[in-house]
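*Asks:* Same order as they appear, the protein sequences are chains A and B.
Throughout the first sequence, residue numbering follows numbering that gives the first Met the number 0, covering 0 to 274 in sequence.
Throughout the second sequence, residue numbering follows numbering that gives the first Met the number 0, covering 0 to 359 in sequence.
Hints listed in this document are in silico derivations from the structure and should not be mistaken for laboratory results.
One or more of the hints may lead you astray.
What the hints assert, rightly or not - If you want the ones that stay clear, here's a sample from chain A, every Cβ over 10 Å from chain B, calculated: (1) HIS50; (2) SER53; (3) PHE87; (4) GLU107; (5) ALA170; (6) PRO216; (7) PHE259.
Claimed, not checked - Across the chosen pairs, the derived CB separations fall in these ranges: (8) B/HIS124 / A/LEU153: 55 to 63 Å; (9) A/VAL78 / B/SER161: 25 to 33 Å; (10) A/PRO177 / B/VAL108: 38 to 46 Å; (11) A/PHE256 / B/ALA208: 53 to 61 Å; (12) B/ASP327 / A/THR161: 48 to 56 Å; (13) B/SER319 / A/LEU153: 52 to 60 Å; (14) A/PRO187 / B/VAL69: 57 to 65 Å; (15) B/ARG358 / A/THR161: 57 to 65 Å.
As the structure is a computational prediction, the values presented were derived from the model and not from experiment.
Even for Gly, the Cβ is constructed at its ideal location relative to N, Cα and C.
The primary structure of each chain is shown beneath.
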Amino acid sequence: MIFLRRYWLSAVAVLASVVVFLVPFAFIVLMAFKDQKQASLLDFSWPAGNHLWSNIVEVVTTRNWMLLTAFINSTILTVASVTLLVIFAAMVGFVLQRRKTRFNGLIEFLILAGLMIPPAVVPTIWLLQGIGLFAKLHGMVLIEVAYALPFSILLYRAFIATIPRELDEAAIIDGARPFDVFFRVILPLLWPVTVTNIVVQSVAIFNDFTNPLYYLPGNANATVQLTLYNFQSQFQTSYNLLFTNIALITIPPLLVFLFFNRQIVAGMTAGAVKG
Amino acid sequence: MAGLELKSLHKSYGEVEVIKGVDLSVTHGEFVVFVGPSGCGKSTLLRMIAGLEDISGGELWIADKLCNAVEPRDRGIAMVFQNYALYPHMTVYDNVGFGLKLAGTPKDVRDRKIRDAAKILQMEHLLDRKPSQLSGGQRQRVAIGRAIVRQPEVFLFDEPLSNLDAALRVETRMEIAKLHHDLGATMIYVTHDQVEAMTLADKIVVLNAGVVQQVGAPIELYQRPANLFVAGFIGSPRMNFIEVTVKAVGADMITVAGTDLAAITIPADGTGIKPGDTVTLGIRPHDLESRAGTISGQVVLVERLGNETNISLALPSGESWLVVLDGDHDLKPGQRLDLTFDPARAIIFGSDGVARHPRT
Chain A
0 MIFLRRYWLS
10 AVAVLASVVV
20 FLVPFAFIVL
30 MAFKDQKQAS
40 LLDFSWPAGN
50 HLWSNIVEVV
60 TTRNWMLLTA
70 FINSTILTVA
80 SVTLLVIFAA
90 MVGFVLQRRK
100 TRFNGLIEFL
110 ILAGLMIPPA
120 VVPTIWLLQG
130 IGLFAKLHGM
140 VLIEVAYALP
150 FSILLYRAFI
160 ATIPRELDEA
170 AIIDGARPFD
180 VFFRVILPLL
190 WPVTVTNIVV
200 QSVAIFNDFT
210 NPLYYLPGNA
220 NATVQLTLYN
230 FQSQFQTSYN
240 LLFTNIALIT
250 IPPLLVFLFF
260 NRQIVAGMTA
270 GAVKG
Chain B
0 MAGLELKSLH
10 KSYGEVEVIK
20 GVDLSVTHGE
30 FVVFVGPSGC
40 GKSTLLRMIA
50 GLEDISGGEL
60 WIADKLCNAV
70 EPRDRGIAMV
80 FQNYALYPHM
90 TVYDNVGFGL
100 KLAGTPKDVR
110 DRKIRDAAKI
120 LQMEHLLDRK
130 PSQLSGGQRQ
140 RVAIGRAIVR
150 QPEVFLFDEP
160 LSNLDAALRV
170 ETRMEIAKLH
180 HDLGATMIYV
190 THDQVEAMTL
200 ADKIVVLNAG
210 VVQQVGAPIE
220 LYQRPANLFV
230 AGFIGSPRMN
240 FIEVTVKAVG
250 ADMITVAGTD
260 LAAITIPADG
270 TGIKPGDTVT
280 LGIRPHDLES
290 RAGTISGQVV
300 LVERLGNETN
310 ISLALPSGES
320 WLVVLDGDHD
330 LKPGQRLDLT
340 FDPARAIIFG
350 SDGVARHPRT
């Protein structure tokens, strides 16, 4: 009783976390084991038999191995976008922090505007068609970069302020040209923020559903999130396959997260206190 | 060889002029120290020589080459920063070799040069460490190593010792002096610490508010300061000043007296000075002797150090002076102290602040 009185708040917190974070996961996994009949009941019940393997085979082979194409597309999209984002955001942050001109205010306003103004889909499609990038993977890469750039810049700029300017100057005296200063001195020092950027942006881009839906039509262009529509339609939904699909496409972001997990915390707090 | 020539160098940030026309000539192998109070422009001047600041006006010649628009890497300079500015993600070896790597030096040549530099600075055992694993003195050593490995014509030091503790500062100061002797390179050194300036320099440049006050050998600056500013800045503790009235002007002699001072005749250039003028008399605290004579005042504070005694003295006019007497003196605050000094040690400054040294 004493135990309960002393720790009831902690107990409530733990319970709430379990309900919010673990129950949905458990639901996904349980559904992936069920057959179509049991799954369509949509209840939180133990699977009647193990149908996981047949579900996986079905999901992967559906519509001429569409999930594989989708995984390839999503990987290319994510890797290309995040690479460009990291380099460009760090460059913008570096120049913006180091070089004070009278345009800085305007540039900062544009960056904030990029965060605030909602993306306009139809004009963007019109523009993409005009330059021949509509429904192309590299067009999609450019869009993801454009949408995510402002946030990444903000992350980088705050951190660059903590790198002493003498480092740039020492490198210049040592004979470094501007690109040497950036790639050999500044970028390596930004690693904690770069990790944060990689995790946050790659998960966001990999899991992006609406933007590929608008800008990347066509079966050959499918990304992983769009494959969910294979098993969900107006008249028939195979919930067991849908949730198997969800389980499968959750694995890559999970791996990224586990891999960078320890460093991401360092990146979040970096710059708060000078190390 | 690698001399240095500054011809009416100017620097302004918008409307604000920080360097107001500096002329300076440095011969090869000279150790020049820029000294002055905070904000006098000494660091800016050094950064202009390094190429980190643009030159607003005038000419900068390094080794007979006009360098106004030359990139820092092509000026043949190396610089040591106050906070070391080592690259945190590289080992000491890579830090020292970074410039050579950028210049595309072959690997074996680079390795030899890095190891030579490490040997000169006795830091061979540190080569595999990262800067975060080094102490302040070791970091400064690496920073110096990074400079000498490039074999520059001119070394620039921007207050390199001010982040070190007192003992290490003395040690590193001697090492820099030795390095200058061994390398024979031209060195320009910025500091606000006049002990560093006095001990290291062949030539001191005293700056104030972007203007050169005096250029000369350390002892010359101490004994024959050009004006009130240099007299007050060089020498520790600071020179005492007092306003006095001219009583008589002779050939290379001026007789002065004041409220605090009995009439005394001081060797000085009397050109343009006539009886009745107000001038400033300067005397260093060490030059005062405890004997009845020219000046007297009330003891305010006594610091007994054993080998000498520092006394803060209030003169009758309310002026506050500092007196340093040799040996131990048991004085009490409130006591009256009579002092005198050798007239040859005193300096007369005209109303424009310029020193009137005797012409001989």
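*Asks:* Would you mind marking each hint as holding or not holding in the structure?
*Replies:* Checked hints:
no.: 1; hint: HIS50; verdict: holds, 51 Å
no.: 2; hint: SER53; verdict: holds, 51 Å
no.: 3; hint: PHE87; verdict: holds, 21 Å
no.: 4; hint: GLU107; verdict: holds, 22 Å
no.: 5; hint: ALA170; verdict: violated, 7 Å
no.: 6; hint: PRO216; verdict: holds, 45 Å
no.: 7; hint: PHE259; verdict: holds, 18 Å
no.: 8; hint: B/HIS124 / A/LEU153: 55 to 63 Å; verdict: violated, 43 Å
no.: 9; hint: A/VAL78 / B/SER161: 25 to 33 Å; verdict: violated, 47 Å
no.: 10; hint: A/PRO177 / B/VAL108: 38 to 46 Å; verdict: violated, 26 Å
no.: 11; hint: A/PHE256 / B/ALA208: 53 to 61 Å; verdict: holds, 58 Å
no.: 12; hint: B/ASP327 / A/THR161: 48 to 56 Å; verdict: holds, 52 Å
no.: 13; hint: B/SER319 / A/LEU153: 52 to 60 Å; verdict: holds, 55 Å
no.: 14; hint: A/PRO187 / B/VAL69: 57 to 65 Å; verdict: violated, 29 Å
no.: 15; hint: B/ARG358 / A/THR161: 57 to 65 Å; verdict: holds, 58 Å
Checked against the numbered hints listed earlier, the structure breaks hints 5, 8, 9, 10 and 14; every other hint is satisfied.
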